[in-house]
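Colleague: What follows is each chain in one-letter form.
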Amino acid sequence: MDTRTSPAVQQYLAALRTLLALTAILGLAYPLAMTGIAQAAFPGNADGSFLRRGDKTVGSDLIGQAFTRPVLVNGKPKTDSDGNPVVEPDPMYFQSRPSAAGTGYDPLSTSASNLGPENKALIDATRQRRATAAKLDGVAPSSVPPDALLASGSGLDPHISPAYARVQVPRIARERHLSQARVRTLVNQQIQGRSLGFLGESRVNVLELNLALDELGG
Amino acid sequence: MPSTTPTFRSRVHGGLLDPKMLLTSLPDAARKLDPRVMVRNPVMFVVEVGAVLSTALAIQDPSLFGWSVVVWLWLTVVFANLAEAVAEGRGKAQAATLRRAKTENVARRLRQDGTEESIAGAQLMLGDRVVVDAGEVIPGDGDVVEGVASVDESAITGESAPVIRESGGDRSSVTGGTKVLSDRIVVQITAKPGESFIDRMISLVEGASRQKTPNEIALNILLASLTIVFLMATVTLQPFAIYSGAQQSLIVLVALLVCLIPTTIGALLSAIGIAGMDRLVQHNVLAMSGRAVEAAGDVNTLLLDKTGTITLGNRQAAEFLAVDGVDPEALADAAQLSSLADVTPEGRSIVVLAKTAHGLRERAPGELKTAHFVAFTAQIRMSGVDLDGGRQIRKGAAAAVMTWVRDNGGHPTDEVGAIVDGISTAGGTPLVVAECVNGTAARALGVVHLKDVVKDGMRERFDEMRRMGIRTVMITGDNPLTARDIAEEAGLDDFLAEATPEDKMALIKSEQEGGRLVAMTGDGTNDAPALAQADVGVAMNTGTSAAKEAGNMVDLDSNPTKLIEIVEIGKQLLITRGALTTFSIANDVAKYFAIIPALFAAVYPGLDKLNIMGLSSPDSAILSAVIFNALIIVALVPLSLKGVQYRPVSADKLLRRNLGIYGLGGLIAPFVGIKIIDLLVSLIPGIA
Amino acid sequence: MSDTTAGLLQVGLLIAALAACYRPLGAYMARVYESEHDTRAERVLYRVMGVDSKADQRWPSYARALLAFSAVSVLSLYAFQRLQAHLPMNLGFPGVAPDQAFNTATSFVSNTNWQSYSGESTMGHLVQMSGLAVQNFVSAAVGMAVAVALIRGFVRSRTDRLGNFWVDLVRSSLRILLPISVVGAITLVALGAVQNFSSGTKVSTLAGESQTITGGPVASQEAIKELGTNGGGFYNANSAHPFENPNPFSNLLEIFLLLLIPVCLTYTFGRMVKDKRQGYALLAAMTVLWGAILAGISILEANHPGTALNLAGASMEGKETRFGVAASSLFATSTTGTSTGAVNSFHDSFTALGGGLTIFNMGLGEVAPGGVGSGLYGMLVLAIVTVFVAGLMVGRTPEYLRKKITPREIKLVSLNILIMPVLALAGTGLAMGLPKPKESILNPGPHGLSEVLYAFMSAGNNNGSAFAGLSVNTGFYNTALGLIMLAVRFVPIVLVLALAGSLARQQPVPATAGTLPTHRTLFVGMLVGVIIVVAGLTFFPALALGPLAEGL
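Protein chains in written order, with this note's numbering: chain A, 7 to 224; chain B, -8 to 679; chain C, 6 to 557.
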């Protein structure tokens, strides 16, 4: 060791060398090794569980999507005061939960709404969403389940509750000219129960459901 | 609680609070409002600053509520000072008595050539020799170097019976201010003027030299840090309140702060310490430092001298063992007759045993008019009686009595020897009884078995000690056999037999090596090193100055059993602090429930759900909390002076009990107290 | 199966998994720290580092080494972020702004992982894995080193030596954190988490929109983020993001990982002080607190009081469908009780009182069971305070684990428990008193106060989670919170090391019947009581004007 440097300086040099050595191990070797193993053993998962239709990647099994269409005014997309396009639910698809990620389901801007339980904005949004959903699906407002009204934590929630999926069945059947029974069967097939019977909640992956729905045609 | 025996003073207790003292201490309490004095008690200093601030605010913007809070804030400070003043006041009363003993006196100093000169007592120097005659007051602390005298030490011990002080040996020390009743002695002064025993006593009981003990310092630090936290909680409340649209007046915030900081324990902490020292003084023990008292509570090992502490000072007759062919009753009768004139405790015990074991009535001395009693002397080593009709009875050490038997024509039998050996082996003392009737051959009747008698209640006491986690070790000059016997009988944990001062020292050191704290008593000069080494060394007042100097406590009663009580007082001191701290903190919960809804229910009506006491109005709620906070100090003054009751049980049980009383009690009491005060306060128009 | 049963079974499985690892991992960690032997790789490493692994340090040297390492870490991480634009794998992101880079550097080095940035739009892959994630390892290792030094203070006697910081740092990182992270990362990938170096995949959604799905070395970072009770998410949405936490299994795994070391360290402690009951007692106190808060939050979230939640019919705002209320409550309790700060649901949208309990949980001082290492030493500090008061009540100079609690120990411990509440309250007070910081509040009324209080409690306890409605990427919050995170991390560390030094010098006192037993129910109960009462009294006024005002 260099004996000319003072002990204090030596201390900091040792600290720096330690940080660099540990960075090599923990900050390079470790993540690279994990990536290697992950790519070898679980390539699908490691890449992002992408779903393909034909040769087209339509999304990730884990990342929710908005199933909306632009609102057209005189054939042109309507924009709001910020210049963002105004969208409305696409009635042909099962709808996802409300999302606070960017303009909705934007993986580059994951976020929750962070609105508090007494926040007027959330209260109003809840009322409005209930009315909209009830109208869209043609059901009583009281039968709209909570996940249709409240935004998820990530803004990318790929799931909805089985209840919300079921509420949408008559509308989907009507829009796609399918029997309600067929759509209901499809929904039931897509329901994932709680893991091991008690972990988490039962749910339906909306993207998978809608992909299956497209397969069904109509 | 196990019953105590008359051998001990009743359980540790303090003096009761005389309500008159509250009044007489008021001026002292007021004097303590000086901020330079207050700053030594950080918690109460914060209260005082708050009181000053509120006073200024109340003057600026007077209101009944504001002034009521101000008055009670000041009362809180005054009550705290009062507690300390009352505790000190009791010490001052004792100091006054001591001062009377210390009146100016004139000393007769011996010059080198042996002539005398008169000099003021206060001018005596270390090593001066002074002459004290009967009727004169000893001018300073010292050792008797010439002569023997009876001395009245009631001025310091309160004991009126005179004590003997003589040169050489372990009873040589005299205290300035005590009075020689008879004879003439020469005293060599061992204390500098102003540093005499009586001076130290005065400053001790007055609390002037009171230094904070380690635990007290630690507790003070903890309380100060809690105070800072609560100060922060209160200061930051204002911006929150403003944001919430409920800005608070400063008076209210001060009231909240005072209610939250641990004022109860802060107010009583020093009173508890003074009272603890005071309690020792009441037990006639002088501690040279509070640290020693605290150490007493921590003691792990107690070294107890056998004689006088564990056993009664003297051996007692336990059994009459007659030789073959002698009626045991005859032996008892002879033993009794020979002991009638014997006033030693051994002698008395023989008479008593004859009565209790054989129903022999004690003869009055007058019944045996012509009898000639032979007193015990060191030369003949036996005592006895020569009755009418030529009957001679002797009792004494085996060798001496057997010689007497042989001299009077008798033949000692082996049987006596066997009995004597048996008793000796068992640790007892054999006294052989023999008679010689009208010149016939003398014969041994039998043996009286004298043995050490363990004081009543000692076993229970030592069992308690064990439960408290204290190991008791008996120190004795006896042989190991005897020592084991006594140790077992008294229920001690261990013993040190044939102990020399060096052994004692070695034992203390080895205990301390193991991290244990050791307490012991001692009186002789050769005890001094051990007393100094021990964590708690209690010197007997009858002992030498060297011993008194070496120890950190002096027992004026010279009662070695006192050590046990000292330990209890030490523990009680800590328990009282701990209990009141717990109580003080637990109190805060209720105060929040009183004050927070009072402050904010107007803007957040939901918070009224926290007003579980149903206090009548915000003003009344705040005022009631402040009043409760002040009154609880006064209410707890007697407890802090008397000390929390100590029971010798395991730590776990003790904690459970104290947590129950002071923790849970501290949680509940203020809910009740504040509600009651609120009911009264709400009667005041303008507050309700 | 009813929701309650499912929720209880979920908790049961978690506890069973922790119980299964408790002794093996606890004992393993004790062996790691007690071993005299360096592995060959470690010997090479020590040569590279230029430190003498056999040197036994006094507490000031130990503290100096720790502070030097942390100071170098802060500076390096700051420089790393500032220079991001010039580094590879930056995904095109520019250098991080000075105040945010300072905040982030202090945040990760202090094991807080408060994030005023949004991961997916600020940090490139290299900064994430070689800057931030490295601190996830070493800041956790620093905490463990301090805990072990304190344990040595109890174990050793009549010495001034506490061990070697560099050795404790390296062993914690390489022998404990790294192997578990490897297993954790691979398991997470198996469950669906991503692990790649993609710079984003553009997909065209069913509805015909385009969506850019970002990747990265997520699983490797996720494992240590939980295991080291760090909590800094790769993505802004943290463990609510499906790539970080894809399903209920991974969710339970993450909760398990963040509780694992703090829980098992109590066994390590018991083993090293040669009285396992002492470790069980601390674990019992931690469990009681964790269980009580969990019950509180779970019941409140399940019953969803509050206007909006009542209107919607469930407390699902900010919560993921796959987790639901029960798993979100479990995560929230565990993350605020361990100073982790990772979230799988957004606390800002919890019920008022449920959110209040997450604040209160941090206010307990992060001891239920607390961060890696810091939870144990935090709990030991509180145990000493309890022993002090309890010891007085049984009439003896208090002692803990056969060491006397003298004024010196109390001084160090008092300062230690003082620092967090004072800074957390001062920060909140300052933010609420100044005009500007209030503008960052998202939710009006009492909830706004809760947001600010949460921020300073989180920084003040090195937690890192947030009531994320508050916009904290401002000069004030970046600076104030950064300074607080440093202070509450390193001042207590120095005090704890001084405490360890003071204890190590002492000679142990023998335990007798008069000694207060510190492994029994009564003591555990009193410890829990002291923790709750002290935190409650300190934060009651603030909580009253925030969550209580909103929720009552």
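To be clear, the hints were calculated from the coordinates, so they are not data collected in a lab. Treat the hints with care, as some may be off.
As the list claims (entries may be wrong) - Chain C stretches covered by chain B per the calculated footprint, using a threshold of three residues with CB under 8 Å from any CB of chain B: (1) 42 to 49; (2) 219 to 229; (3) 386 to 397.
Stated by the list, open to error - Derived PhoX-like pairs (lysine-lysine); straight-line CA-CA distance at most 25 Å: (4) Lys409/C with Lys203/B; (5) Lys207/C with Lys126/A; (6) Lys83/B with Lys633/B; (7) Lys644/B with Lys633/B; (8) Lys441/C with Lys281/C; (9) Lys59/C with Lys279/C; (10) Lys644/B with Lys59/C; (11) Lys170/B with Lys183/B; (12) Lys83/B with Lys11/B; (13) Lys141/A with Lys62/A; (14) Lys62/A with Lys207/C; (15) Lys443/C with Lys126/A; (16) Lys279/C with Lys441/C; (17) Lys443/C with Lys203/B; (18) Lys203/B with Lys346/B; (19) Lys203/B with Lys83/B; (20) Lys409/C with Lys500/B; (21) Lys62/A with Lys84/A; (22) Lys203/B with Lys633/B; (23) Lys126/A with Lys170/B; (24) Lys644/B with Lys11/B; (25) Lys346/B with Lys183/B; (26) Lys644/B with Lys441/C; (27) Lys83/B with Lys183/B; (28) Lys500/B with Lys600/B.
What the hints assert, rightly or not - Here are some chain C residues the structure puts well away from chain A; computed CB gaps all over 12 Å: (29) Met54; (30) His246; (31) Lys416.
We put the CB at the ideal spot given by N, CA and C, even for glycine.
Colleague: A separate judgement is required for each hint: does it hold in the structure or not?
Modeller: We went through each hint and held it up to the structure:
Check on the segment 42 to 49 of chain C: 0 of its residues sit with their Cβ under 8 Å from a Cβ of chain B, so the three-residue criterion for coverage is violated. For a cut-off of 8 Å, the count of residues in the segment 219 to 229 of chain C with a CB near a CB of chain B stands at 0, and the three-residue condition is violated. Given as covered by chain B, the segment 386 to 397 of chain C passes the check, having 6 residues with a CB less than 8 Å from a CB of that chain where 3 are the minimum. At roughly 18 Å between alpha-carbon atoms, Lys409/C and Lys203/B fall within 25 Å of each other, so this suggested pair holds.
Taking the CA atoms of Lys207/C and Lys126/A, the gap is about 36 Å. The hint is violated against a cut of 25 Å. Taking the CA atoms of Lys83/B and Lys633/B, the gap is near 17 Å; set against the 25 Å cutoff, the hint holds. In summary, the hint linking Lys644/B to Lys633/B is supported, as the alpha carbons are separated by about 21 Å, within the 25 Å threshold. For a cut-off of 25 Å, the pair hint linking Lys441/C to Lys281/C is broken: about 52 Å separates their Cα positions.
Restraint check for Lys59/C and Lys279/C: satisfied, since their Cα atoms lie roughly 24 Å apart, inside the 25 Å limit. For a cut-off of 25 Å, the pair hint linking Lys644/B to Lys59/C is broken: about 46 Å separates their Cα positions. A hinted pair counts as satisfied when its Cα atoms are at most 25 Å apart, and Lys170/B with Lys183/B qualifies at roughly 19 Å. Between Lys83/B and Lys11/B the alpha-carbon distance is near 15 Å, which keeps this suggested pair within the 25 Å criterion.
Simply put, Lys141/A and Lys62/A have alpha-carbon atoms about 34 Å apart, too far for the 25 Å limit, and the pair is violated. The hinted pair formed by Lys62/A and Lys207/C meets the criterion: a straight-line CA distance of about 11 Å does not exceed 25 Å. Only pairs whose Cα atoms come within 25 Å are accepted, and Lys443/C paired with Lys126/A is accepted, the gap being roughly 18 Å. At roughly 54 Å between alpha-carbon atoms, Lys279/C and Lys441/C are farther apart than 25 Å, so this suggested pair is violated.
Between Lys443/C and Lys203/B the alpha-carbon distance is near 47 Å, which puts this suggested pair outside the 25 Å criterion. Taking the CA atoms of Lys203/B and Lys346/B, the gap is about 57 Å. The hint is violated against a cut of 25 Å. Proposed proximity of Lys203/B and Lys83/B is supported: the alpha carbons are some 19 Å apart, at most 25 Å. Proposed proximity of Lys409/C and Lys500/B is supported: the alpha carbons are some 19 Å apart, at most 25 Å.
Proximity of Lys62/A to Lys84/A is assessed by CA-CA distance (about 29 Å); at most 25 Å being required, the pair is judged violated. Restraint check for Lys203/B and Lys633/B: the C-alpha separation of about 19 Å stays at or below 25 Å, so the hint holds. In summary, the hint linking Lys126/A to Lys170/B is not supported, as the alpha carbons are separated by about 92 Å, beyond the 25 Å threshold. Distance hint between Lys644/B and Lys11/B is unfulfilled; the C-alpha atoms sit about 37 Å from each other, more than 25 Å.
Between Lys346/B and Lys183/B the alpha-carbon distance is near 56 Å, which puts this suggested pair outside the 25 Å criterion. In summary, the hint linking Lys644/B to Lys441/C is not supported, as the alpha carbons are separated by about 56 Å, beyond the 25 Å threshold. Between Lys83/B and Lys183/B, the direct Cα distance comes to roughly 23 Å. Compliance with the 25 Å bound is thereby established for this hinted pair. Taking the CA atoms of Lys500/B and Lys600/B, the gap is near 63 Å; set against the 25 Å cutoff, the hint is violated.
At roughly 5 Å from the closest C-beta of chain A, the C-beta of Met54/C falls inside 12 Å, breaking its exclusion from the interface. The beta carbon of His246/C sits about 5 Å from the closest Cβ of chain A, which is not more than 12 Å, so the claim that it is off the interface is violated. At roughly 27 Å, the least C-beta separation between Lys416/C and chain A is larger than 12 Å, which holds for a residue marked as non-interface.
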